[in-house]
Amino acid sequence: MFPIRQIVNNVRRVAPGFRAMSSSGPLTAVEVDNEGIATVTMQRPPVNSLNLDLLQDLSKSLDEVAKNKCKGMILTSSSPTVFSAGLDIMEMYKPDIKRAETFWTTLQEVWIKLFGSNFVSAAAINGHAPAGGCLLSMSCEYRVMVGGKFTIGLNETALGIVAPKWFMDTMTNTIPQREAEFALTTARMFSVDEALKVGLIDETASDKADSVDKCKKFIKKFDRIPPLARAITKQKIRQGPLAWMNKNRAADTQEFLAFLQNPKVQQSLDMYIQSLKKKAAK
Amino acid sequence: MFPIRQIVNNVRRVAPGFRAMSSSGPLTAVEVDNEGIATVTMQRPPVNSLNLDLLQDLSKSLDEVAKNKCKGMILTSSSPTVFSAGLDIMEMYKPDIKRAETFWTTLQEVWIKLFGSNFVSAAAINGHAPAGGCLLSMSCEYRVMVGGKFTIGLNETALGIVAPKWFMDTMTNTIPQREAEFALTTARMFSVDEALKVGLIDETASDKADSVDKCKKFIKKFDRIPPLARAITKQKIRQGPLAWMNKNRAADTQEFLAFLQNPKVQQSLDMYIQSLKKKAAK
Amino acid sequence: MFPIRQIVNNVRRVAPGFRAMSSSGPLTAVEVDNEGIATVTMQRPPVNSLNLDLLQDLSKSLDEVAKNKCKGMILTSSSPTVFSAGLDIMEMYKPDIKRAETFWTTLQEVWIKLFGSNFVSAAAINGHAPAGGCLLSMSCEYRVMVGGKFTIGLNETALGIVAPKWFMDTMTNTIPQREAEFALTTARMFSVDEALKVGLIDETASDKADSVDKCKKFIKKFDRIPPLARAITKQKIRQGPLAWMNKNRAADTQEFLAFLQNPKVQQSLDMYIQSLKKKAAK
Chain A
1 MFPIRQIVNN
11 VRRVAPGFRA
21 MSSSGPLTAV
31 EVDNEGIATV
41 TMQRPPVNSL
51 NLDLLQDLSK
61 SLDEVAKNKC
71 KGMILTSSSP
81 TVFSAGLDIM
91 EMYKPDIKRA
101 ETFWTTLQEV
111 WIKLFGSNFV
121 SAAAINGHAP
131 AGGCLLSMSC
141 EYRVMVGGKF
151 TIGLNETALG
161 IVAPKWFMDT
171 MTNTIPQREA
181 EFALTTARMF
191 SVDEALKVGL
201 IDETASDKAD
211 SVDKCKKFIK
221 KFDRIPPLAR
231 AITKQKIRQG
241 PLAWMNKNRA
251 ADTQEFLAFL
261 QNPKVQQSLD
271 MYIQSLKKKA
281 AK
Chain B
1 MFPIRQIVNN
11 VRRVAPGFRA
21 MSSSGPLTAV
31 EVDNEGIATV
41 TMQRPPVNSL
51 NLDLLQDLSK
61 SLDEVAKNKC
71 KGMILTSSSP
81 TVFSAGLDIM
91 EMYKPDIKRA
101 ETFWTTLQEV
111 WIKLFGSNFV
121 SAAAINGHAP
131 AGGCLLSMSC
141 EYRVMVGGKF
151 TIGLNETALG
161 IVAPKWFMDT
171 MTNTIPQREA
181 EFALTTARMF
191 SVDEALKVGL
201 IDETASDKAD
211 SVDKCKKFIK
221 KFDRIPPLAR
231 AITKQKIRQG
241 PLAWMNKNRA
251 ADTQEFLAFL
261 QNPKVQQSLD
271 MYIQSLKKKA
281 AK
Chain C
1 MFPIRQIVNN
11 VRRVAPGFRA
21 MSSSGPLTAV
31 EVDNEGIATV
41 TMQRPPVNSL
51 NLDLLQDLSK
61 SLDEVAKNKC
71 KGMILTSSSP
81 TVFSAGLDIM
91 EMYKPDIKRA
101 ETFWTTLQEV
111 WIKLFGSNFV
121 SAAAINGHAP
131 AGGCLLSMSC
141 EYRVMVGGKF
151 TIGLNETALG
161 IVAPKWFMDT
171 MTNTIPQREA
181 EFALTTARMF
191 SVDEALKVGL
201 IDETASDKAD
211 SVDKCKKFIK
221 KFDRIPPLAR
231 AITKQKIRQG
241 PLAWMNKNRA
251 ADTQEFLAFL
261 QNPKVQQSLD
271 MYIQSLKKKA
281 AK
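Residue numbers (this note's numbering), protein chains in the order written: chain A, 1 to 282; chain B, 1 to 282; chain C, 1 to 282.
Some hints here could point you the wrong way.
Which copy? The list can't say, so a pair holds if one copy fits it or any two copies do.
[Said to hold, decoys possible] Below 20 angstroms or equal to it, Euclidean Cα-Cα: the simulated DMTMM-like pairs (lysine to aspartate or glutamate) are:
(1) 113 with 181
(2) 69 with 223
(3) 98 with 109
(4) 208 with 31
(5) 217 with 31
(6) 197 with 179
(7) 197 with 181
(8) 236 with 179
(9) 221 with 179
(10) 236 with 252
(11) 220 with 179
(12) 69 with 31
(13) 217 with 181
(14) 221 with 181
(15) 216 with 181
(16) 220 with 181
(17) 236 with 181
(18) 217 with 35
(19) 221 with 194
(20) 221 with 35
Worth flagging that the hints you see were computed from the coordinates, not collected in a lab.
Given the sequences, and given the hints that come with them, work out the whole structure.
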């Protein structure tokens with residue numbers, strides 16, 4: 001009952017007359033329309049595997065969106081079939097430990113910037129979104145997925161991997177606990193219809209353009225909401241997972257590095273990569 | 001498999017033959033029917049804005065209900081269109097800090113008495129219930145809302161305000177995390193149908209009398225449940241938010257007072273009140 | 001995106017060619033089929049009341065399942081109408097405190113072994129499952145209930161009892177917070193259809209054989225999921241209640257013992273048992 005709209009509106013002067021701009025790192029492109037909505041496109045062919053370089057590029061793009069006081073950001077992919085295939089296996093195979101550490105802390109950083117962003121965030125999921133791809137989309141505030149044959153889910157267990165605690169927290173921030181347990185243990189990849197039904201996505205779209213449009217419509221819902229109050233409200237209701245990360249970041253990194261240095265893990269990765277090479281040689 | 005019904009029933013001797021009574025402070029009325037069900041009516045025209053006086057009166061009425069060992073309490077409004085419009089802006093404009101502190105701690109107190117009450121609680125929501133009005137109803141154990149054009153929700157962000165952590169906790173105690181995040185950030189005011197669908201209310205009613213009847217029916221569900229076991233069970237499953245408040249009460253008050261003493265907040269309140277005066281003068 | 005399937009598969013060598021076996025304590029029977037799926041049957045007539053002996057027997061059976069690296073376990077009952085009637089009242093009436101302490105810590109132990117098990121767990125609920133019976137089934141990862149007139153729920157308050165915190169946590173791990181609060185305070189016994197709708201059970205079955213078949217089908221979902229990753233994932237997403245128990249086990253036991261030593265509780269138990277005797281004598 002006590003409107004402080006004016007205050008925060010003063011902070012927001014971005015929307016009408018926001019100068020359209022675009023910039024492009026090698027692996028992500030940022031385009032801001034004249035309403036102040038940024039589209040961040042992951043463009044590391046063929047499947048946006050999240051290696052260190054893509055993550056660093058994405059991290060910079062998120063900074064740019066924040067710095068430009070964009071009213072919102074849409075995360076999407078340049079691939080016609082894959083949103084992101086998740087973490088790049090080659091960052092884990094015979095790793096340089098220093099680089100592997102940077103890889104993991106950059107992943108954490110991207111998540112913190114996305115899950116706790118001031119700006120409104122939405123994912124236009126225009127292709128498959130397994131594992132890390134699903135994580136990125138769930139870290140946004142809204143998800144629109146292109147209908148058809150695509151799938152989405154945290155399928156780490158199918159690969160012998162345990163999703164970190166903060167992957168799980170991001171999922172239970174989105175879907176009910178019971179559904180999350182079932183999905184995580186069974187490595188469930190949801191069809192678009194299944195994802196919609198359980199709340200893993202919010203809307204479906206006919207194609208990429210439609211998914212981007214629907215994300216913009218979501219972002220414009222906030223045109224009359226003072227952005228500072230909105231941002232703090234978002235961060236307050238998400239503070240559980242954010243506080244966990246803040247407290248456990250180093251331990252989480254050590255857990256990942258210990259995993260990588262397990263000889264059995266390396267042996268398994270070796271076998272897997274050999275099998276991929278054989279397939280490729282055929 | 002071990003019934004201790006008798007014990008707690010001895011404690012409860014209130015139901016049949018409970019002497020009907022009523023009392024009335026200036027701003028709330030308490031009426032107890034012959035079954036031991038109290039109806040607490042907020043009556044501060046025109047819209048039950050929660051100022052210090054109404055909150056203090058409400059706090060005393062809740063004490064009375066508890067002291068009389070009423071089997072249950074129904075919270076409702078004397079207004080035909082508004083359950084409660086939420087916190088009174090005039091308690092925040094050019095505040096006397098001592099009074100503002102009392103105002104906030106009284107709000108906390110009312111919430112503690114309601115959210116953690118021994119008696120069964122239900123809200124007969126016979127009008128709009130924004131912000132603090134929504135909070136009071138969510139603090140009860142059951143909500144029946146009169147159908148039609150009324151709306152309910154925590155719409156603080158629309159006013160440039162951040163709902164305190166315990167407002168959020170009260171909401172996630174009622175509806176799923178994902179729905180709460182969406183509602184809180186977008187300042188969503190739910191229609192009666194939307195509120196029913198998401199679980200923000202439990203039933204609809206045709207008018208105030210029907211809503212009170214349905215609340216009584218809910219309260220009578222507990223006629224065969226030993227009240228002490230019931231009360232402890234309720235407090236145990238609600239202990240997260242209650243323990244948070246117990247630990248953070250002073251800090252929460254300081255946060256509110258710091259907010260009020262922000263010159264931009266006062267400037268904004270001033271502009272808002274001037275605009276209200278202009279409207280009133282027309 | 002990094003498959004370590006081989007590693008954990010090496011650990012799992014149990015499925016094809018698992019030698020079928022069976023063993024039987026006095027109060028539970030364990031049968032392992034040739035696919036490595038164990039069925040643990042509670043067989044303490046007439047209603048599988050959970051006394052110390054049944055709990056100790058069940059605890060040993062769970063150890064056996066774990067030791068044999070069974071791929072999964074199905075919990076069911078030899079009674080045609082009752083899954084388990086919950087805790088045995090005779091363990092609480094005029095108790096030997098030493099035995100009562102062992103009784104409670106054994107119940108905690110069974111829960112820890114079930115709720116946090118490495119193996120996949122499912123309950124074939126072939127009869128009523130009130131209180132402790134409901135707890136056991138909710139501690140599994142999947143529930144199939146035989147349709148018809150059976151009921152399930154944590155109905156402790158109807159008996160003047162407060163379900164311990166970890167009973168509540170087990171319920172909110174399964175159904176939404178709002179539903180759990182309503183069910184716990186009202187002592188709600190769900191019909192099979194109601195339980196399915198709210199998510200308290202996952203599937204219905206036409207009879208016991210069908211319920212066991214459906215549980216096996218659930219367990220086989222994991223045939224292609226590396227079991228170590230699966231187990232750690234399960235324990236990680238369930239770590240809240242498990243960590244609580246680990247920290248509060250002694251206090252939880254003391255709370256139970258204090259309850260038992262309340263003269264009013266004993267007086268009430270005495271009245272209840274006398275009334276049962278009268279009924280039996282008719």
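Intra- versus inter-subunit Cα pairing at 20 angstroms for residue 69 with residue 31: Within one copy only: 13 angstroms inside a chain, 54 angstroms across chains, cut-off 20 angstroms.
Check residue 197 against residue 179 for me: Cα-Cα at most 20 angstroms, and say if that holds within a copy, between copies, both or neither. So residue 197 and residue 179 pass the 20 angstroms test inside a copy (11 angstroms) and across (14 angstroms) alike.
Give the relationship of residue 236 and residue 252 under a CA distance limit of 20 angstroms: within one copy only, between copies only, both, or neither. For residue 236 and residue 252, the Cα distance is within 20 angstroms only across copies (13 angstroms; inside one copy 22 angstroms).
Alpha-carbon proximity context of residue 221 and residue 179, limit 20 angstroms: Answer is between: at 15 angstroms across copies they meet the 20 angstroms cutoff, but 28 angstroms inside does not.
With 20 angstroms as the alpha-carbon cut-off, assign the pair residue 220 and residue 181 to within, between, both or neither. between (33 angstroms within a copy, 17 angstroms between copies)
Up to 20 angstroms CA-CA - residue 31 versus residue 208, copy category: This pair counts as within: shortest intra-copy Cα distance 15 angstroms, inter-copy 53 angstroms.
Using 20 angstroms as the alpha carbon limit, work out where residue 98 and residue 109 are close: within a copy, between copies, both or neither. within (16 angstroms within a copy, 43 angstroms between copies)
At 20 angstroms max between alpha carbons, let me know whether residue 217 reaches residue 35 within a copy, between copies, both or neither. This pair counts as within: shortest intra-copy Cα distance 12 angstroms, inter-copy 52 angstroms.
Residue 216 and residue 181: within-copy, between-copy, both or neither at 20 angstroms Cα: between (32 angstroms within a copy, 18 angstroms between copies)
Alpha-carbon proximity context of residue 197 and residue 181, limit 20 angstroms: both (16 angstroms within a copy, 18 angstroms between copies)
Can you give me the call for residue 217 and residue 31, within, between, both or neither, at a CA distance of at most 20 angstroms? within (17 angstroms within a copy, 49 angstroms between copies)
Treating 20 angstroms as the Cα threshold, decide for residue 221 and residue 194: within, between, both or neither. Between copies, since 18 angstroms is at most 20 angstroms while 26 angstroms is not.
Violated hints: none; the structure is consistent with every hint.
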